[in-house]
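Taken in sequence, the protein lines are chains A and B.
Quick note on numbering: my numbering labels position 103 of the first sequence as 103, and the sequence is numbered without any gaps.
Quick note on numbering: my numbering labels position 108 of the second sequence as 108, and the sequence is numbered without any gaps.
By construction, these hints were calculated from the structure, which means they are not laboratory data.
Be a bit skeptical, because a hint or two may be false.
Said to hold, decoys possible - Below, a list of computed lysine-lysine pairs in the DSSO-like style, where the Cα atoms sit at most 27 Å apart:
#1 Lys71(A) <-> Lys57(A)
#2 Lys2(B) <-> Lys18(A)
#3 Lys42(B) <-> Lys71(A)
#4 Lys2(B) <-> Lys57(A)
#5 Lys65(A) <-> Lys79(B)
#6 Lys45(B) <-> Lys65(A)
#7 Lys71(A) <-> Lys45(B)
#8 Lys42(B) <-> Lys65(A)
Keep in mind it's a predicted model, so treat the numbers as computed, not measured.
If you want the building blocks of each chain, they are given just below.
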Amino acid sequence: EAQVTQNPRYLITVTGKKLTVTCSQNMNHEYMSWYRQDPGLGLRQIYYSMNVEVTDKGDVPEGYKVSRKEKRNFPLILESPSPNQTSLYFCASRVSAGRDITDTQYFGPGTRLTVL
Amino acid sequence: RKEVEQDPGPFNVPEGATVAFNCTYSNSASQSFFWYRQDCRKEPKLLMSVYSSGNEDGRFTAQLNRASQYISLLIRDSKLSDSATYLCVVNMRTGANNLFFGTGTRLTVIP
């Protein structure tokens, strides 16, 4: 089954304790990205990757890191989490960064993170 | 001004009703447009792309008005299963082709 998976699905942690949220897709997609979703603010892009070893900042990259060493994986790293990073996080992938209007973006199931 | 704006609702409509959502976008050079559906606490899923000439998929009709920079979604004969949040999504950038999401319009269809 074609899918995007994320782990963990739920995480409660404390300020300053490094954490990684994994993301993996099995569709051989080139483009992957991370979003956070907060009430009243909608989905905001954190980082994206157009292909292996190519990553770039989205709209809200502060406090986050990513890596793209393999095509299928795109982990999100919080080196020193803070309470304002409490949010619902979604990983997403798409075939390419091209301009095909029918290019569907697939989302993972989400990771609900609480930083105390 | 937000790049993509939607009325957050909620829209509470009876089964069988017709309901329409609008969405405005700020960048006139935007390339592509979509409606996504998001159920409570779940991931967004593509509902339909929006083509310049307008397009229909069963009970759903999407329209694009480039001159006024808005997109609409019409749902006819609403079903209980249509209850969800509908996200307007616009591709505003060249190159990286990033998508901008509206905050969503919440729809509840009442029996």
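Consistency of the hints with the structure:
1. Proposed proximity of Lys71(A) and Lys57(A) is supported: the alpha carbons are some 18 Å apart, at most 27 Å.
2. Pair hint Lys2(B) plus Lys18(A) does not hold up; C-alpha atoms about 32 Å apart against a cutoff of 27 Å.
3. The straight-line distance between the Cα atoms of Lys42(B) and Lys71(A) is roughly 25 Å, inside the 27 Å bound, and the hint therefore holds.
4. With a CA separation close to 19 Å, the supplied pair Lys2(B) and Lys57(A) stays within the 27 Å bound.
5. Taken as a hint, the Lys65(A) and Lys79(B) pair is broken in the structure, with Cα atoms around 42 Å apart against an allowance of 27 Å.
6. Restraint check for Lys45(B) and Lys65(A): satisfied, since their Cα atoms lie roughly 26 Å apart, inside the 27 Å limit.
7. At roughly 22 Å between alpha-carbon atoms, Lys71(A) and Lys45(B) fall within 27 Å of each other, so this suggested pair holds.
8. At roughly 24 Å between alpha-carbon atoms, Lys42(B) and Lys65(A) fall within 27 Å of each other, so this suggested pair holds.
Checked against the numbered hints listed earlier, the structure breaks hints 2 and 5; every other hint is satisfied.
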